[in-house]
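Engineer: Residue strings, one per chain:
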Amino acid sequence: MLSFQDITVHYGELVALGSLTLELKRGELMTLLGPSGCGKSTTLRVAGGFLLPSKGSVFLDGQEITNLPPELRPTATVFQSHALFPHMTAGQNVSYGLKVRGAPRRKCRREAEEVLERVGLSGYADKRVQELSGGQQQRVALARALILNPSVLLMDEPLSSLDARLRVRMRMEIRELQRSAGITVLYVTHDQEEALSISDRVSVMSKGRLFQTGSPEEVYFSPANDFIRDFIGNAFPVVLDGQRQLVRPDQVCPAPEGAFEGRLAGREFLGNTVEWRIEWKEQTLRAVMLSCDEALPAPGASVRFDIRL
Amino acid sequence: MNLFKRVIAGIVMFFFLIPSVWAAEKQGISIFIAYTGIKPILETFTQDTGIKVDYLEMSSGEVLTRIRAAKGKAQADAWFGGGLDSFVAAAEEGFLEAYVSPEREAYDPMFYNEEGFWSGISLGSVVLMGNPEVLAAKKLMMPESWEDLTLPVLKNEVLMSTPAVSGTFYSMVSSILQTMGDEKGWELLERIDANVPYYSKRGAEPANKVSIGEAGVAVAPFDTVLRLRQEGHKLEMTFPKDGVPWYIAPVAVFKGAQNPEGAKALVDWVLSERGQETLAKCTTQAPIRPGITLEPEVQAMRDSNLMKLDVVKAGHARKEILELWQEKFGHK
Amino acid sequence: MIALQKSPQEERALSLIGASSSRTEAFLWFLSGLGLILFVIWPVGAVLFESFLRDGSFSLSAYRGLFSKNLKLIGDSFLLAGGVTLCTLPLSTIIALRLVYGPERGRRLVIAALVLSTISPPFLCSMAYLMLFGRRGLVTWKLLGFEWNPYGFHGVLMMETVSMIGLAALLMMTSLQRVDGALERASLDLGASPLQTLKNVSLPLALPGMAASGLVVFIRSLSDFGTPLFVGGSFQVLASRAYNTLIGVGDFPLACAMNVLLILPALGVLCLRSERQDDNFSPGLAEARSLRLPSWFLRGLDVFAWAFVALQVLVYGLIFLGSVTQLWGKDFSFTTRHLAAILTFRADSIRRSLICSLVAGMGSCLLGVVLAYLLDGARASVRRVVQAVVDLPYLMPGTFFGVGYLLVSSRLPFEVGVAFLISMSCLFRQLSHSLRTAKAGLAQIDPTLEYAVRDLGGGPLRVLTDLVLPVLRPFMRLGFLNTFSASMTTTGPIIFLVSPYARVAAIELFESINHGDFGAASAMGTFLIVTVAIVNAIAWRWSAQSRVGALP
Numbered sequence: 001m002l003s004f005q006d007i008t009v010h011y012g013e014l015v016a017l018g019s020l021t022l023e024l025k026r027g028e029l030m031t032l033l034g035p036s037g038c039g040k041s042t043t044l045r046v047a048g049g050f051l052l053p054s055k056g057s058v059f060l061d062g063q064e065i066t067n068l069p070p071e072l073r074p075t076a077t078v079f080q081s082h083a084l085f086p087h088m089t090a091g092q093n094v095s096y097g098l099k100v101r102g103a104p105r106r107k108c109r110r111e112a113e114e115v116l117e118r119v120g121l122s123g124y125a126d127k128r129v130q131e132l133s134g135g136q137q138q139r140v141a142l143a144r145a146l147i148l149n150p151s152v153l154l155m156d157e158p159l160s161s162l163d164a165r166l167r168v169r170m171r172m173e174i175r176e177l178q179r180s181a182g183i184t185v186l187y188v189t190h191d192q193e194e195a196l197s198i199s200d201r202v203s204v205m206s207k208g209r210l211f212q213t214g215s216p217e218e219v220y221f222s223p224a225n226d227f228i229r230d231f232i233g234n235a236f237p238v239v240l241d242g243q244r245q246l247v248r249p250d251q252v253c254p255a256p257e258g259a260f261e262g263r264l265a266g267r268e269f270l271g272n273t274v275e276w277r278i279e280w281k282e283q284t285l286r287a288v289m290l291s292c293d294e295a296l297p298a299p300g301a302s303v304r305f306d307i308r309l
Numbered sequence: 001m002n003l004f005k006r007v008i009a010g011i012v013m014f015f016f017l018i019p020s021v022w023a024a025e026k027q028g029i030s031i032f033i034a035y036t037g038i039k040p041i042l043e044t045f046t047q048d049t050g051i052k053v054d055y056l057e058m059s060s061g062e063v064l065t066r067i068r069a070a071k072g073k074a075q076a077d078a079w080f081g082g083g084l085d086s087f088v089a090a091a092e093e094g095f096l097e098a099y100v101s102p103e104r105e106a107y108d109p110m111f112y113n114e115e116g117f118w119s120g121i122s123l124g125s126v127v128l129m130g131n132p133e134v135l136a137a138k139k140l141m142m143p144e145s146w147e148d149l150t151l152p153v154l155k156n157e158v159l160m161s162t163p164a165v166s167g168t169f170y171s172m173v174s175s176i177l178q179t180m181g182d183e184k185g186w187e188l189l190e191r192i193d194a195n196v197p198y199y200s201k202r203g204a205e206p207a208n209k210v211s212i213g214e215a216g217v218a219v220a221p222f223d224t225v226l227r228l229r230q231e232g233h234k235l236e237m238t239f240p241k242d243g244v245p246w247y248i249a250p251v252a253v254f255k256g257a258q259n260p261e262g263a264k265a266l267v268d269w270v271l272s273e274r275g276q277e278t279l280a281k282c283t284t285q286a287p288i289r290p291g292i293t294l295e296p297e298v299q300a301m302r303d304s305n306l307m308k309l310d311v312v313k314a315g316h317a318r319k320e321i322l323e324l325w326q327e328k329f330g331h332k
Numbered sequence: 001m002i003a004l005q006k007s008p009q010e011e012r013a014l015s016l017i018g019a020s021s022s023r024t025e026a027f028l029w030f031l032s033g034l035g036l037i038l039f040v041i042w043p044v045g046a047v048l049f050e051s052f053l054r055d056g057s058f059s060l061s062a063y064r065g066l067f068s069k070n071l072k073l074i075g076d077s078f079l080l081a082g083g084v085t086l087c088t089l090p091l092s093t094i095i096a097l098r099l100v101y102g103p104e105r106g107r108r109l110v111i112a113a114l115v116l117s118t119i120s121p122p123f124l125c126s127m128a129y130l131m132l133f134g135r136r137g138l139v140t141w142k143l144l145g146f147e148w149n150p151y152g153f154h155g156v157l158m159m160e161t162v163s164m165i166g167l168a169a170l171l172m173m174t175s176l177q178r179v180d181g182a183l184e185r186a187s188l189d190l191g192a193s194p195l196q197t198l199k200n201v202s203l204p205l206a207l208p209g210m211a212a213s214g215l216v217v218f219i220r221s222l223s224d225f226g227t228p229l230f231v232g233g234s235f236q237v238l239a240s241r242a243y244n245t246l247i248g249v250g251d252f253p254l255a256c257a258m259n260v261l262l263i264l265p266a267l268g269v270l271c272l273r274s275e276r277q278d279d280n281f282s283p284g285l286a287e288a289r290s291l292r293l294p295s296w297f298l299r300g301l302d303v304f305a306w307a308f309v310a311l312q313v314l315v316y317g318l319i320f321l322g323s324v325t326q327l328w329g330k331d332f333s334f335t336t337r338h339l340a341a342i343l344t345f346r347a348d349s350i351r352r353s354l355i356c357s358l359v360a361g362m363g364s365c366l367l368g369v370v371l372a373y374l375l376d377g378a379r380a381s382v383r384r385v386v387q388a389v390v391d392l393p394y395l396m397p398g399t400f401f402g403v404g405y406l407l408v409s410s411r412l413p414f415e416v417g418v419a420f421l422i423s424m425s426c427l428f429r430q431l432s433h434s435l436r437t438a439k440a441g442l443a444q445i446d447p448t449l450e451y452a453v454r455d456l457g458g459g460p461l462r463v464l465t466d467l468v469l470p471v472l473r474p475f476m477r478l479g480f481l482n483t484f485s486a487s488m489t490t491t492g493p494i495i496f497l498v499s500p501y502a503r504v505a506a507i508e509l510f511e512s513i514n515h516g517d518f519g520a521a522s523a524m525g526t527f528l529i530v531t532v533a534i535v536n537a538i539a540w541r542w543s544a545q546s547r548v549g550a551l552p
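Protein chains in written order, with my numbering: chain Y, 1 to 309; chain U, 1 to 332; chain X, 1 to 552.
Treat each hint with caution, since some may be false.
Derived lysine-lysine pairs resembling BS3-like cross-links, with alpha carbons at most 25 Å apart [said to hold, decoys possible]: (1) Lys142/X to Lys319/U; (2) Lys69/X to Lys139/U; (3) Lys73/U to Lys264/U; (4) Lys142/X to Lys139/U.
Hints in this document: simulated from the structure, not taken from any laboratory.
In this text, all values refer to a predicted model and were calculated from it rather than measured experimentally.
Throw the hints in and build the complete structure from the sequences for me.
Structural biologist: What follows is the structure, encoded as structure tokens:
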């Protein structure tokens, strides 16, 4: 339903986005994933109408919206810093979109309360936004965008200002809301775990180019190139049988009967998982396994392992 | 550190620069002035006596306020020109030094203070000044008497200052009251008032505003009119037929002057023949010393029908007159 | 993110010298406290004290009926100040909007006109306005052919409004620039039109800044006596009446008592407003905004902005032309005599003006920073009292502040240099502004930055030189320039301080105006304007260079 055709954006000499073509399907949550400066936020700004592309067109349900100003687009954005109006209450923030469309005050109020309830903030309508915690502010920002029933919800690293636990919880909530309401979402993040866990499809970008679009499993297990293999799977290069290959830590499996033998050079305990550094033929490999599966060898001991390509 | 050093260097540089300004050189004498054409007069004085002069122009009201604020501590050595009333007040409050100049024998006693607190040096008068362009545009005649100023056609075209701030206008008011008597005098002033849009709060303003055409007629000091004419303004002037008010410009030495000898030398010089001749050349007031040749224009002023006045009495009556005036016209 | 910032009171921005700070701080308190007592409290107190002295003995006669007799004056004063504020705010908002949201082209010119209008030499601009728009004005009479009477309430209102627009618009521009662009984008995204966004988001967020500049305008208008004297005609206000009572009537106690009527309400208004609104200055140029206002709207803004520019071009053009014309209005032939006269006869006054203004400017921006730093860590009550003391000289008409200096200095057993008195009076009269700017600057310094400097091995001095001064530099520059410009052109506070052997340029100008000598006055005025402009340029240049130099 939302599609980008050959979008190019220049900032002076710099090419921020080079001939991007991308299509969102109705009701899906698509993530734009990539390191900072890859052009994912630029794409979002083009979608929201904050940025005019130097070239190319944007279509929504077949209608061209390339030059439509933001206020006329049926899109709504959840901004990275939330961008809540500090001079309004939570309720006023949420109903702002209705107010500027001339909705009567009572309707604004009622709908704001409804949406706030949906995001788990019933009773917070009269709070000043400064009084809310980070997670609550995040929910208000989400509610403010949802109240308009946008055709496409644009989310620009919405969770980046939250702590790790809250981030995990919020992304689950967002995903549930999106699924139950069937909203189409374009979601921008640089966090691969977040992208994999929340998305129907993931688009990986780098340096203004789109490299691969596919389900989380596709991009993880069948990366289109080394960049994605590295960025998504933390892959590292290994020379195997005279050939240079990128290997993910979860492909290196310690096993008593393993085909290779190396020396345990280091161990990093991560809670539920544990990572080993194994020296093998003057190369350092990384292996990751569940902590409960780990057989604890002494540091410097020789270990056997398989590589499952 | 770059900026820090620069800031320090700047501050240090400053304190080197400052002393030259801080300690202003005080050679010669310093005087407060309210007198037109003062520059060449003082240059001649310095030539004749070798005494350097620094001066500052201030209205006599400002000078008086200043000495009062300083509780009589001398702010300058001498006081040259300004409203006699301020000199009278300053003498009464003890701000002036009594000095009887040997030169004053040549003068009529009505022009100096008996104890020597002040001496009159020249005589100025109050005249009517008109802007011919404005008058022509409005098809108005140039008024020729105080009575003319009351003509209804001149409504809003007559500019005057509050007598409280201007010696000139004070002398106009007090002269009219003295010669016509209080009752008739106030009545005339009230009728003139009907044509005055507002009273300027600065003495020099009526003449300046009329010279740029902001109104048709101003009551102005004679010497101001001549000066504005010399600068190139086209202006009409009449001596009021029903009597020309006049005033004297005094000179005085401040009590506690840093250079009293220099100040007294100035008084002597300005009262002397040489000084009075210099005044005759450089100003358009009439020097008082008898036997001084005047410029024809100034002679004409001297010959106009000057009112019969006791200027000292006028100086004393100031408070009373101003209070009445304030009551009648203070709202404008 | 404005919403999420901690208010500056919650966490002290800086603890400059850390644990060993108490002695340094106490010393700074001592110094600045002494300065305020000597140069503000004492002179202002002396003026107020005079109001209780009638013929040398204690008397309340000046206060008897002070309020009831002056009821109309009080009403008129506040009516005028309120009117000027009400007229200035919308007009300056329009120009500020043009600057922030309008096209880049011409922006610098409009800013230049605004800055120029804030450097107005005393009385000369009023004179130029009269020559252009007076009863026989060049524009109103010669060009348009109508005669009107500019004297009265309406004249004062218009002239004060025109003279305050520049400052108000510059203040307003900075507060509009500080509005977070993300919030405007959010509003657009939620479907608000650009104009709705302006009305619902940008303007409300800039409101504290607007209130602050409104207050500045209000107080300036309240204490301005020159304009009512010049074009008020029969309309007078407290400030001008107090001036007349002092100079004309010579009633010292009454004139001093009238100041109380001015100071008290102004202080009241100042205290009412919350402290948080103070930090609304921010130097620097606007980032491009994604809020694209409709072109018809921008064109409307443009009309106002360019009308203002045209007005300034007319007024300052007249002044510049007047300085090279034999006699304006009569003999238009070219001459350099006025300008030459300045350099030959007035060089000493000019030198003194420059040095006094530089001292006042530097002193006021340094003291502003020191006070801002000290107040940052002080208790709320102390902060309020000190702030009120600093505001005092700004609230009273300049003449009376000068009289205070005269009262004090003449009581001293030793002679105090005239230039020193002039410098100090200008320094402390403008301190209020410098303090506010410095406070705004200090609020921008994140306390963790100080920890970073200390953590990386920098001593307290390093914190000052590497962090505080560089961050504060633009704010200090603002404070310096304001004080410098004001000192170069002020007459009120120094008219009783200058002496025959220590004159300054503004007084020369004042004398020329009194003589009706427009040529000499405009020559001096031109000189003052050019000087202030050059110093402005140097200050911007200098700080721009140091910024580049500071980068590794």
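Engineer: Of the numbered hints stated earlier in the document, which are not met by this structure?
Structural biologist: 1 and 2
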